[in-house]
Amino acid sequence: MLSQAVALTSINVKSIPERWASSLVIVVGLAGVVAVFTALLAMAVGFESTLKATGRRDVAMVMRGASDTELNSALDRDSIELIKQAPGIRKGDDGKPLASAEMTVVAELIRKNDVKNGANITVRGVDATAFALRPNLKIVSGRNFIPGLRELIVGSGVLRQFQGAEVGRIVRMRGSDWTVVGAFQSEDAHDSELWTDINVARVTFGRTGASSVLAALDGSDGLDELKAALAADPRLTVDAIREEDYFSGQTKQFRRTIGVLAGVVTAIMALGAIFAALNSMYAAVATRSKEIATLRAIGFGGLPVVVSVMMESLLLAVAGGLVGATIAYVLFNDFSVSTVGQNFTQVVFSFKVTPQLVAQGLTIAVAIGMVGGLLPAIRAARLPVTTGLREL
Amino acid sequence: MTRTGFVVANLFRKKTRTILTLLSIVMAFLLFGLLQSVQHLFNAGADFVGATRVMTQARVSFTQPLPIGMVPKLEGVPGVARVAYSQWFGGVWQENTPVFVFAVDPQRYHDVYPEYVMPEEQWQKFAHTRTGMIAGRQVAQQFGWKVGQKIPISSNIFPQKNGSKAWAFDLVGIFDGKDADWQKRTNTSLINFDYFDEANQFIRGRANFFILKLADGTAAEPVCKAVDALFENSPDETKTQTEKDFNLGFVKQVGDIGLIVKWILFAVFFTLLLVVGNTMAQSVRERVPELAVLKTLGFSDGSVLGFVLAEAVAMCLIGGVIGLVLSTIAGGAIEKGTGGQFPIHLTGWVWALGIAAVLVMSVLVGVLPALRARRLKIVDALAGR
Numbered sequence: 004m005l006s007q008a009v010a011l012t013s014i015n016v017k018s019i020p021e022r023w024a025s026s027l028v029i030v031v032g033l034a035g036v037v038a039v040f041t042a043l044l045a046m047a048v049g050f051e052s053t054l055k056a057t058g059r060r061d062v063a064m065v066m067r068g069a070s071d072t073e074l075n076s077a078l079d080r081d082s083i084e085l086i087k088q089a090p091g092i093r094k095g096d097d098g099k100p101l102a103s104a105e106m107t108v109v110a111e112l113i114r115k116n117d118v119k120n121g122a123n124i125t126v127r128g129v130d131a132t133a134f135a136l137r138p139n140l141k142i143v144s145g146r147n148f149i150p151g152l153r154e155l156i157v158g159s160g161v162l163r164q165f166q167g168a169e170v171g172r173i174v175r176m177r178g179s180d181w182t183v184v185g186a187f188q189s190e191d192a193h194d195s196e197l198w199t200d201i202n203v204a205r206v207t208f209g210r211t212g213a214s215s216v217l218a219a220l221d222g223s224d225g226l227d228e229l230k231a232a233l234a235a236d237p238r239l240t241v242d243a244i245r246e247e248d249y250f251s252g253q254t255k256q257f258r259r260t261i262g263v264l265a266g267v268v269t270a271i272m273a274l275g276a277i278f279a280a281l282n283s284m285y286a287a288v289a290t291r292s293k294e295i296a297t298l299r300a301i302g303f304g305g306l307p308v309v310v311s312v313m314m315e316s317l318l319l320a321v322a323g324g325l326v327g328a329t330i331a332y333v334l335f336n337d338f339s340v341s342t343v344g345q346n347f348t349q350v351v352f353s354f355k356v357t358p359q360l361v362a363q364g365l366t367i368a369v370a371i372g373m374v375g376g377l378l379p380a381i382r383a384a385r386l387p388v389t390t391g392l393r394e395l
Numbered sequence: 277m278t279r280t281g282f283v284v285a286n287l288f289r290k291k292t293r294t295i296l297t298l299l300s301i302v303m304a305f306l307l308f309g310l311l312q313s314v315q316h317l318f319n320a321g322a323d324f325v326g327a328t329r330v331m332t333q334a335r336v337s338f339t340q341p342l343p344i345g346m347v348p349k350l351e352g353v354p355g356v357a358r359v360a361y362s363q364w365f366g367g368v369w370q371e372n373t374p375v376f377v378f379a380v381d382p383q384r385y386h387d388v389y390p391e392y393v394m395p396e397e398q399w400q401k402f403a404h405t406r407t408g409m410i411a412g413r414q415v416a417q418q419f420g421w422k423v424g425q426k427i428p429i430s431s432n433i434f435p436q437k438n439g440s441k442a443w444a445f446d447l448v449g450i451f452d453g454k455d456a457d458w459q460k461r462t463n464t465s466l467i468n469f470d471y472f473d474e475a476n477q478f479i480r481g482r483a484n485f486f487i488l489k490l491a492d493g494t495a496a497e498p499v500c501k502a503v504d505a506l507f508e509n510s511p512d513e514t515k516t517q518t519e520k521d522f523n524l525g526f527v528k529q530v531g532d533i534g535l536i537v538k539w540i541l542f543a544v545f546f547t548l549l550l551v552v553g554n555t556m557a558q559s560v561r562e563r564v565p566e567l568a569v570l571k572t573l574g575f576s577d578g579s580v581l582g583f584v585l586a587e588a589v590a591m592c593l594i595g596g597v598i599g600l601v602l603s604t605i606a607g608g609a610i611e612k613g614t615g616g617q618f619p620i621h622l623t624g625w626v627w628a629l630g631i632a633a634v635l636v637m638s639v640l641v642g643v644l645p646a647l648r649a650r651r652l653k654i655v656d657a658l659a660g661r
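Taken in order, these protein sequences are the chains called S and C.
Letter by letter, the first sequence follows residues 4 to 395 in this note's numbering.
Letter by letter, the second sequence follows residues 277 to 661 in this note's numbering.
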């Protein structure tokens, strides 16, 4: 029986070139479904991995109570000092707490392919500790800003997606000129930001204090210690959260939106592809009904016929799936885009076509191939031998 | 048998094949309708606002509020009839549902936005109740708010003077839009600026946006330039643009939706072209002897070509229209399901695009088989060569 199935399958597969046009329909149909599915989810994965890379487990973020995002948060100078001195924060080499007060404001830059609509970009005012807390951030061209001067350094993501902030350019903010003196790369969400000296930013934007305090945690129970100390101080109404949790919390909404979009689009396309596959396989079976009847007449069983038709459909489906995944990979892997994040500023990220996504795409292809092959296979097996033989 | 009858009869010659092909087309146009509506929502959704208003914000970003002391200066710009201002409140309903709440000056807002309708006495009440709030019809429906209720809303930005972020407002009115387009834009709530300004701990006398209503017949562009020139080189430099551009800019923050939609539709239609084209080619191939008989009977080459093309058009048109109807229904359901937050309604424009796509497609899939049918030599075809 098994040998019968293998023999029939190989006959079918070898005859595919004879029927290449209708076989191509299955391949192309599935390629379309898998390419769209993989590309859409690659966007979600890319966004997620960029934000997740930003948050570290051993760093805590302190913001004003119930602020949710840095943009909504504000801390005054007294609070900042209190937070920095709190227990649970690791000390740096100089004996001072490894904590960085940071102020974020928003500026507008124009997208590369746009002419007038500005997109929001985070401008982060920092001091030297901020760099100590992000060891992966490297200046890749130009130099770092000099504290006290109106100078900016620009993230590589901003350079990829937006115009007007190239090294050497002047950016106008609040009636003053800022020179972009360098570019940095950190392979995470900070790549979507402009950085400058916090004190200059405070003066220009008429603010005191900061948006958040980032603090390196001391040991595994550092966060609990810090949280307890902050809660116990009546002068403070602040929340401390692990930086990792802050950033992974921001991905949920996006992931859900893309998930729904990918689900709906893939489902509709998959239905279309199933109908197309059914069509092709019915046609394939119909053109071979005489041949199948002959095989049945000389003793091949019904099941091997079913298996052989299914196998053909599956092979074509997998081929289509692979083509689709390849297309998605070639066109979209590392394709850089940006969208609005929780801070209402742009997050630049790249599509990531991962092996898991390709595997999921192929699973969908196999499922569609099964469904598309099953009914025609049953029809082929059920065809009465006499009727089949009598056909033209 | 009429020619139409002949085409229809041929179409259902192989029922399974026709139905399956039709279903593929239906799916493609269902997707087409939905995706085009999404794109429309993002790109041209702001058409109806007209050109009677311009929006002024801080040049650096609208998150940076501007002093309302600018109002008299703005009102002095030639062509500006009335100025309203609006400050983002950062509202949160119950646990974690964001609501769009803006603090506005009631009378000014009313003057600048005649498109929002509400009984005059409720406008008056809003203006005279310090803790007053009015809600758009959509919000009120979504959360079941009734006039007269005390609405607890917290702000994720602004604490009150006592440090609490929990606020409460008296709902004194529910406003609606004057027409269908504006009724879909009633997802905001408004509170009294004076009260907010006094009671919050953070900002004093500042607003995110100024909405400038233009005098009748005034062009927007010169006003925008004049306003921005007025505040150049001050710490509060402005960026003024038409209301339409402003709305568009907001939406574009989300990213290039158009590009993604284009890629998906390209994939869908390329696939479909092959599926339907293949079916048509197959059905002509099978009927070569029949077509030869038709020609023998005296049908011209042109009419044989016509039959095949008509079949393609009929198939695409039936499938396309069913698909578009389905997406109209689905879009309506989504709009209802999300309380009007995501208005995917198939406009006449999307339908027109859809029908255009149907026609282009039917020509593309029909033309090769039709030409083949036309070129048939009777002798060869009858001989099965």
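Hints in this document: simulated from the structure, not taken from any laboratory.
Warning: the hint list may mix true and false statements.
[As the list claims (entries may be wrong)] One-sided and incomplete, this derived list gives chain S residues near chain C with beta-carbon spacing under 7 Å: (1) N75; (2) A110; (3) I113; (4) K115; (5) G167; (6) G171; (7) I173; (8) D180; (9) G275; (10) T342; (11) L377; (12) L378; (13) I381.
[What the hints assert, rightly or not] Below are the PhoX-like pairs computed for lysine-lysine, each with C-alpha atoms no more than 20 Å apart in a straight line: (14) C:K454 - S:K115; (15) S:K355 - S:K55; (16) S:K119 - C:K426; (17) S:K55 - S:K293; (18) C:K426 - C:K401; (19) S:K255 - S:K94; (20) C:K290 - C:K460; (21) C:K437 - C:K422; (22) C:K538 - C:K528; (23) C:K501 - S:K119; (24) C:K520 - C:K454; (25) C:K401 - S:K119; (26) C:K290 - S:K293; (27) C:K528 - S:K115.
Beta carbons are placed, not taken as given, at the ideal position from N, Cα and C, and that holds for glycine.
Right, here's what the structure says about each hint:
The closest approach between the C-beta of N75 (chain S) and any C-beta of chain C is roughly 5 Å, which is under the 7 Å cut-off, so the hint is satisfied. For A110 (chain S), the interface hint holds, since its Cβ comes within 7 Å of a Cβ in chain C; the closest pair sits about 5 Å apart. The interface hint given for I113 (chain S) is violated, since its Cβ lies 10 Å from the closest Cβ of chain C, which is over the 7 Å cut-off. Hint status for K115 (chain S) relative to chain C: violated, with the closest Cβ pair at about 11 Å, above 7 Å.
About 13 Å separates the beta-carbon of G167 (chain S) from the nearest beta-carbon of chain C, more than 7 Å, and the hint is not met. Given the 7 Å rule on beta carbons, the hint for G171 (chain S) is violated: about 21 Å separates it from the nearest Cβ of chain C. The criterion of a C-beta within 7 Å of any C-beta in chain C is not met by I173 (chain S), whose closest approach is roughly 14 Å, and the hint is violated. Given hint, D180 (chain S) at the interface with chain C, is violated; its Cβ is 10 Å from that chain's nearest Cβ, farther than 7 Å.
Checking G275 (chain S) against chain C by beta carbon gives a least distance of about 3 Å; that is within 7 Å, so the hint holds. Satisfaction of the interface hint for T342 (chain S) is found here, the shortest Cβ-Cβ separation to chain C being roughly 4 Å, below the 7 Å cut-off. At its closest, the beta carbon of L377 (chain S) sits 14 Å from a beta carbon of chain C; the interface hint therefore is violated under the 7 Å criterion. A hinted interface residue such as L378 (chain S) counts as satisfied when its beta carbon comes closer than 7 Å to some beta carbon of chain C; here the least separation is about 10 Å, so the hint is violated.
The closest approach between the C-beta of I381 (chain S) and any C-beta of chain C is roughly 13 Å, which is over the 7 Å cut-off, so the hint fails. Distance hint between K454 (chain C) and K115 (chain S) is unfulfilled; the C-alpha atoms sit about 38 Å from each other, more than 20 Å. For the hint linking K355 (chain S) to K55 (chain S), the alpha-carbon distance of about 14 Å falls within 20 Å, and the restraint holds. With a C-alpha separation of about 42 Å, the suggested pairing of K119 (chain S) with K426 (chain C) is violated against the 20 Å cut-off.
This hinted pair does not check out: K55 (chain S) and K293 (chain S) have alpha carbons roughly 60 Å apart, beyond 20 Å. A C-alpha spacing of about 15 Å is found between K426 (chain C) and K401 (chain C), which places the hinted pair at or below 20 Å, so the restraint holds. Taking the CA atoms of K255 (chain S) and K94 (chain S), the gap is near 33 Å; set against the 20 Å cutoff, the hint is violated. A threshold of 20 Å between alpha carbons decides the hint, and for K290 (chain C) with K460 (chain C) the separation of about 46 Å lies outside it, so the pair is violated.
Of the pairs offered as hints, the one joining K437 (chain C) and K422 (chain C) is violated, with about 28 Å between alpha carbons and a cut-off of 20 Å exceeded. For the hint pairing K538 (chain C) with K528 (chain C), the CA-to-CA distance comes to about 16 Å; that is within 20 Å, so the pair holds. Restraint check for K501 (chain C) and K119 (chain S): satisfied, since their Cα atoms lie roughly 14 Å apart, inside the 20 Å limit. Pair hint K520 (chain C) plus K454 (chain C) holds up; C-alpha atoms about 18 Å apart against a cutoff of 20 Å.
A hinted pair counts as satisfied when its Cα atoms are at most 20 Å apart, and K401 (chain C) with K119 (chain S) does not qualify at roughly 40 Å. Of the supplied pair hints, the one linking K290 (chain C) and K293 (chain S) holds, its CA atoms being roughly 18 Å apart against a limit of 20 Å. With a C-alpha separation of about 13 Å, the suggested pair K528 (chain C) and K115 (chain S) falls inside the 20 Å cut-off, and the hint holds.
Violation of the numbered hints given earlier is confined to hints 3, 4, 5, 6, 7, 8, 11, 12, 13, 14, 16, 17, 19, 20, 21 and 25; the remaining hints are satisfied by the structure.
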